[in-house]
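Keeping the supplied structure of chain R fixed, place chains G and X upon it in accordance with the hints.
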Amino acid sequence: MIRDPKDLKRYNASERANHWVVGISFILLALSGLAFFHPAFFPLTQLFGGPTWARIIHPYLGVLMALAFIVMFFRFKHLNKMTPADKEWLSKAKNMVDGNDHDMPEQGKYNGGQKVMFWALAVCMLLMMVSGLFIWRAWFGFDITLVRMGAVVHAAAGAVMIGLIMVHVYAAIWVKGTIRAMWYGTVTRAWAKQHHRGWYRQVTGK
Amino acid sequence: MVAKVCGTPKEAFLKVCEYIAETAAPNKTMTNLYALGWTEHSVGSQNIRSMAIIQLLLGNMGMAGGGINALRGHANVQGITDFALYAQNLPGYLAVPSDAEPDLKTFLEKKTPKMLRPGQMNFGQNLPKWYVSLHKAWWGNAATKENGFAYDFMPKLAGASDVLSIFDQMYQGKVHGFLCQGFNPLASVANKKKVSDALSKLKYMVVMDPLATDTSEFWKPHGEFNDVDPSKIPTEVFRLPTTLFAETSGSFTNSGRVIQWRWKAANGPGEAKDDTEIMATLFLKLKDMYAKDGGAYSEPIQKLTWAYRIPTKPSPEELMMEYNGKALADVLDPKDPTKVLVKAGDQLPSFAMLRDDGSTTCGNWIYCGVWSQAGNNSARRDNSDPSGLGQTLNWGFAWPVNRRILYNRASADPSGKPWDPQRTVLKWLGDKWGGNDVPDMRPDAAPEQNVMPFIMTGEGVGRLFAVGLMAEGPFPEHYEPFESPLDNNPMHPKNPKARANPAARVYKGDMEAFGTAKDFPYVGTTYRLTEHFHYWTKQSKINAIMQPEQFVEIGEELAREKGITAGDKVKVRSNRGFIKGVAVVTKRIKALDVDGKKVHTIGIPIHYGFKGATKPGFITNTLTPFVGDANTQTPEYKAFLVNIEKA
Amino acid sequence: MALQSLDIKQRSATTTPSTQVRQTVEIAKLIDVSACIGCKACQVACSEWNDIRDEVGNCHGVYDNPMDLSAKSWTVMRYTEVEQNNKLEWLIRKDGCMHCADPGCLKACPAPGAIIQYSNGIVDFHQENCIGCGYCVTGCPFNVPRISKEDSKAYKCSLCSDRVAVNQAPACAKACPTGAIQFGSKEDMKDYAAKRVTDLKERGYDQAGLYDPQGVGGTHVMYVLHHADKPDLYAGLPANPSISPLVSLWKGVAKPLATLALAGVALGSLFHYVTKGPNEVSKEIEDEIEKEDAK
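Those sequence lines, one after another, are chains R, G and X. The first sequence lines up with residues 12 to 217 when you count with the numbering used here. The second sequence lines up with residues 539 to 1185 when you count with the numbering used here. The third sequence lines up with residues 471 to 765 when you count with the numbering used here.
Extracted from the complex, chain R is given alone in its bound form:
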């Protein structure tokens, strides 16, 4: 659906679908994972048809998310190479957070913060995948030390990942006009010009 023919295409349908497969599985994983992490969250297991179902489903969702994430990773990897401009952006990130983005350096499709997020999530995902296999008792029986390390790493990386995604989601809410990029794929030229001027120039030729 094109709202305005002059809007800029930021994500195609396949990319958006990919993102939401990762996103939905992540939300389900976070809810069920938290339930096993701290008793305060245990009632969340009811969302999955009870605690035993939550335990059964969680790792399969993990496999789904990992596969979708890997596809997404290779799709966006080349767009997330760090450049000197990204480093400069990062050094001024505090201004950005304070709402003062006037003297931020010009950014391509992704800014330095987004790239850091990309790589941090990728590392977390890798840790989650490997440690998840170690503690998946229905299929695997690893040495007890590996299992214990797996449990610690899975919990730690999971917590970090949930935190990162919260920041990711908040950033999308905070920066108005962003969420539509993942809903129907386009952003306004104004949005692009303000937040990703490099990319704006590249796609508009201006």
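There could be a bad hint or two in this list.
To be verified - Calculated lysine-lysine pairs in the DSS-like style (CA-CA distance at most 30 Å, straight line):
id	chain 1	residue 1	chain 2	residue 2
1	G	548	G	1032
2	R	187	X	671
3	G	1128	X	671
4	X	671	G	566
5	R	20	X	753
Keep in mind that the hints were calculated from the coordinates and are not lab data. Computed from a predicted model, the values in this text were never measured in an experiment.
Below, chains G and X alone, put in the same frame as chain R:
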């Protein structure tokens, strides 16, 4: 010499001797508990007799915690032995008449022991009372003074009737029918091949058992575990399922001779019937057939006492009362004939009341008192132990006359004072014997009368030297097993006739089936595991879980020599066949140095077979030799020759 | 196994205290390894009382069978032949749950009430609350719990809590023919053990002692060992067992810290929004675009 013969290190042997010798002190006692490790040798009886002599010399007989005691493999082995397990005995270990004793008078004269020293009890002199009372129990009014109390009704012993001789006769085709009750001979008798061939020569076999035993399927191929051709076996087999001990009431008699009543806990499964019901039905059918069709000498069957409330189901209570016996007429005091000791019709209180005039019945004289007028004494359950010696005199009933320690007069010195006052069993109270047990002595025999403790011998003392009672000789002697890695008996290296027990019986063909150390260089020995009971529990799932598969134990040194590691499948052969099992390599079995030779032992648990919940396996007695102890004919399962290789 | 009239002192995945008011006697099972003959009557009794039947397996060249604990074998004998002081010793240890005072399984368990500790010291699994995650296995310093292949629930020795609740000794203790398994108050069992240790020392076992490891707060299944200085001889009994630091980290500080941190991120974002306001496209740039369009 002992170290040379046994391979026991000298120091270890001397240490054991020291411990044993210490118990010669009056306040120190040793008991000797033995089981099949001692009996299953061609010199089994001599093993036990040797220890009995040692215990006599140490003064450990009749003492609390003394004696020489058989450990029975089953809760009721003592009971079954008391009731004529061996056909050479009648109930209560009475002798069986033979053709050499044509009438009662001759039999009793021959079998009743003579007093050998004056003033002794010579308790065996009461044999006529026990024997006549047994006939009265069995044939009642048909047993009269005139017909020698139906002496002719008692079958006469035709010859050996131990298990080996029966199977040898069967093997020679001299047996037509075999009633196999609670017995799995294919698995438990030596030389399975010979047993299997013997069973194949029967016309029929009736198996009465709670379980589908290996024996009941001796004719059925079970792969290499039972490699037979049913088309060549004419034997017809009938299986009659029986109830198990917990599915019927009755009694157990334990190793301490304590008879304990037990109560039925559950009904038997399916069509299972009590053994007594099957036997009674069979008997009544035979009696009926004799009445209808006639037959040679049917009187002993027609006249047999059968006064049970339900003739096809004699109850355990009725049987126990019959064993105890009752007065047919008033039993009078011999010292004062006006005094009635037991009224006619009453249960007898003890075998002292038995008479040889036909006025008493008793199915088993040693059990007399177990069911007196007071009721079923074996059901008593008072476990109070006032002496602290474990003398629970009101728990069950011990034969004889509730006496717990045999020869307990020997626990007191000649003057009647206990050797160890801390553990008083018996003492002279001035006018009679008292203490913490039923005296094994005439109650009023004052010490100065010099009545000696060993009341069953004619001389009143224990016998270190026994003439005519053992098959071998008056003293024990060492002999090698029939299959031995040694060429000679180290005690008699120059006498080839003294290598193995010369008094033992070896049948034709069995000598040839012995192997030699040249082909079978290792000593095989069979034993039991705590997880299993004979060939029975392999049919029980939980026991099968605990030890699921046949194994063979060898020492580490032999394992190295043979390249065998724990868990390997191995084949063990003797000259009679082979079995296979999993190798258990252990430090517990070490090579022995016997007469300068290194001797390896191979340990073989017995419990496996082709029927059951355990993994199908071979029958261990495929390997064992068909020869037994010279006195009891208990087969020599504990020492024979084998070889071993990786399977 | 079943809910019963025993006070629950602690339950898994529960942050508020369980019943603490009544004082009940702390119990213990004492396994005197020096008096064990390895007959496996305890294994049989356990199977019978708890109505569990393991598979009929195979002989693996040792006396041990079943070879390991399982959802259907809550206790197994472990046989070790060792030579100590030039003497052959056949050490036979009855393995099973130690009923730790500080149970690693309970600490690790995420399912409320799946693992409970009674005030008498018994640590019991309530399978109806078990979700089958296997965290108890991860948490146990003795490698005891096993997950059933049939129902994916965790099983282990219950110390016959159902029998103990009605003043009966555990089935294994009842069946032991040599008195190698004793049962009573923990205090009495320690006294009994002290007597046994004295006796063993008199017989030349200088290092005899009681195994009641303090690293897990003591246990409610204790051993009398002839070589208490070398518990490892007994089929790898750990010398100083404790809950793994990894498990403590995972189910200890990590839990509240991470929860707080996540709450912090969520609240931080909210307050950032309300304090700094949304990041909208500036009027200036919108005007630029409009101008472009107007051309």
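Evaluated hints:
| no. | hint | in the structure |
| --- | --- | --- |
| 1 | G:548 <-> G:1032 | 24 Å, holds |
| 2 | R:187 <-> X:671 | 81 Å, violated |
| 3 | G:1128 <-> X:671 | 28 Å, holds |
| 4 | X:671 <-> G:566 | 24 Å, holds |
| 5 | R:20 <-> X:753 | 22 Å, holds |
Of the numbered hints given earlier, the model fails hint 2 alone.
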